[in-house]
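Engineer: Sequence:
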Amino acid sequence: HEFTASLTSVFAKAKKAGKSVVALHSGNIGLAPMFPWPVSNILTARTRTYRQVYQRIAAEQGVVYVDLFEEAENDPFRGPGYYASDHLHLTAKGYGYWYDEIRKTMDRAGIRL
Numbered sequence: 013h014e015f016t017a018s019l020t021s022v023f024a025k026a027k028k029a030g031k032s033v034v035a036l037h038s039g040n041i042g043l044a045p046m047f048p049w050p051v052s053n054i055l056t057a058r059t060r061t062y063r064q065v066y067q068r069i070a071a072e073q074g075v076v077y078v079d080l081f082e083e084a085e086n087d088p089f090r091g092p093g094y095y096a097s098d099h100l101h102l103t104a105k106g107y108g109y110w111y112d113e114i115r116k117t118m119d120r121a122g123i124r125l
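Per the working numbering, the very first residue in the sequence shown carries number 13; after that it's consecutive.
Calculated from the structure, these hints are not laboratory results.
Just so it is clear, CB atoms sit at the ideal spot from N, CA and C, and this is done for glycine as well.
Please note: incorrect hints may appear among the correct ones.
[What the hints assert, rightly or not] List time: in silico DMTMM-like cross-link candidates among lysine to aspartate or glutamate, alpha-carbon distance up to 20 angstroms:
(1) K27 to E72
(2) K116 to D87
(3) K31 to E72
(4) K116 to D79
(5) K105 to D79
(6) K28 to E72
(7) K27 to D119
(8) K31 to D119
[What the hints assert, rightly or not] Derived DEER-like restraints, expressed as beta-carbon distance ranges:
(9) R120 to P88: 26 to 32 angstroms
(10) S21 to Q64: 15 to 21 angstroms
(11) S32 to G93: 29 to 35 angstroms
When you get a sec, could you build the whole thing from the sequences and use the hints?
Structural biologist: Okay, here's the thing in structure tokens:
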């Protein structure tokens, strides 16, 4: 799979360039209010697939993976103020939540900036 090979290569290069490597990607894109059913389900499934690849390659390469994926029942962005007016991108409040998750993962891994 081309994506798997590319991600493996990126992680390997990053490990050579830095002391620690932290990787993440989007959260569950299917939860964005912009996407109606059934598109939302398709995008959730696609996000799950890429998440599994990230998790596997990160574990194989010793890269810290920040898991921002949430299932619909645990969606932290259900309330008002998390999505921008385009109903796809997050607001500062939403990105602040992700920042906190990134910091928690880095703290657990002992990574300090």
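Engineer: Decide, hint by hint, whether the structure agrees.
Structural biologist: Right, here's what the structure says about each hint:
Taking the CA atoms of K27 and E72, the gap is about 12 angstroms. The hint holds against a cut of 20 angstroms. For the given pair, K116 sits about 18 angstroms from D87 by alpha-carbon distance, which is consistent with the 20 angstroms threshold. For the hint pairing K31 with E72, the CA-to-CA distance comes to about 17 angstroms; that is within 20 angstroms, so the pair holds. In summary, the hint linking K116 to D79 is supported, as the alpha carbons are separated by about 11 angstroms, within the 20 angstroms threshold.
Between the alpha carbons of K105 and D79 the distance comes to roughly 18 angstroms, so the proposed pair stays at or under 20 angstroms and holds. With a C-alpha separation of about 15 angstroms, the suggested pairing of K28 with E72 holds against the 20 angstroms cut-off. As the CA atoms of K27 and D119 are separated by approximately 19 angstroms, the hinted pair is consistent with the 20 angstroms bound. As the CA atoms of K31 and D119 are separated by approximately 15 angstroms, the hinted pair is consistent with the 20 angstroms bound.
Restraint check, R120 to P88: a C-beta distance of roughly 18 angstroms breaks the suggested window 26 to 32 angstroms. Checked against the hint of 15 to 21 angstroms, the pair S21 and Q64 passes, with Cβ atoms roughly 18 angstroms apart. Separation of S32 from G93 is about 32 angstroms and conforms to the stated range, judged on CB atoms against 29 to 35 angstroms.
Checked against the numbered hints above, the structure breaks only hint 9 and satisfies the rest.
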